[in-house]
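Spelled out from the first residue to the last, the chains are:
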Amino acid sequence: MDAVTIMPFERFYETHRSDVLRLLRRRLGTERAEDAFQETFLRALQAYPRLEHGEHLRAWVLTIARNVAVDALRRSRPTAELAEAGTEDRRAPHDELAHLTDGLPPKERAAVVLRYGYDLSYDQIAAALGSSEDAARQAASTGVRRVRRRIST
Amino acid sequence: MTVSPDLDRRFREAAGALGVLDVGFDVVPSPVGELLVAASDQGLASIWFDPDPERDLDRLARIAGPRVLRSPQSVDAARRELDEYFAGRRQSFDLRLDLRALPPFTVAVLRELARVPYGETTTYGALAERVGRPRAARAVGTVMNRNRIPIVLPCHRVVGATGNLVGYAGGLDRKVTLLELEGALL
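Chain order of the listed sequences is A and B. Mind the numbering: the first sequence is residues 1 to 153 in this note's numbering, read in order. Mind the numbering: the second sequence is residues 1001 to 1186 in this note's numbering, read in order.
The following block holds chain A by itself, in its conformation from the complex (with noise of 0.2 Å):
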């Protein structure tokens, strides 16, 4: 029994798919949420098996749909600034840290968020930034550095 700690995925699917879709509307638009809403849930799929517990899904199911909103934005706008990223959504682990983690380069601050607000392990942030193991624990770190440094001076 104690093998499924985590949801099966059609349950976490019914239970975000809404709360993705609107996020992704505000940041994309109608038309383009809906390609950002497969994108996330099929990143959501591959990662789901190393989750190594079901607590956050949703604050970990939302920051996969922005950082697909952020690439979205990003391929049809070279330039696009991605400052609002993370105006949305907050939960108590992302309030404390806003003050923070306010100014950071988005995939290091959703890292810091991951990390130190949510507790969630590299590998789980990795599948959330759609990026290595190794890059999430580096972003993570720089960002730490940054807030440090910013505290400091």
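Read the hints as simulated data drawn from the structure, not as lab findings.
A partial selection of chain B residues facing chain A, derived with a Cβ cut-off under 7 Å: (1) Leu1007; (2) Ala1015; (3) Ala1061.
Derived list of chain B stretches under chain A, where covered just means 3 residues or more per stretch with a C-beta under 8 Å from a C-beta of chain A: (4) 1019-1026; (5) 1054-1060; (6) 1067-1074.
Heads up, the beta-carbon is just placed ideally off N, CA and C, and yes, glycines get one too.
Chain B: place on chain A using the hints.
What follows is chain B alone, placed relative to chain A:
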């Protein structure tokens, strides 16, 4: 924000086509009621009577892994063969079966069961004999009762030594319907 049926369908299709599911399932209508049919990349994993998503999702996750998704094309092959079977146009199934995680005795019994021909019946005792455990008729009965791929693995063709139907996990009515369809009960 409601996800439109079309968007939902496209995602499920893509997930099934890309092979990123541990197991895909769909609900398939049949003359013995709705069936929840599930398939993994290893083959047909289950056919359950009286679908109950809440219970069945967890059962599927335990069999195959957490990436369980309703995805109609994952079970296209099974659906087609089942339709042909119920239409009387198919007597044996060509589907690969996912029997992972089952004990060796269970697998041996199910493999013998698969060889019981269409329209014929055998007994629990005869099946026990064929797997080399002549005194294990009761254990064979338990394997039949827990058979997760009924119809395709034809436990409905197994009856008591005196010819009485004995039992069926899906209910005796269904056993009778299946045997009648095959012309085994006249």
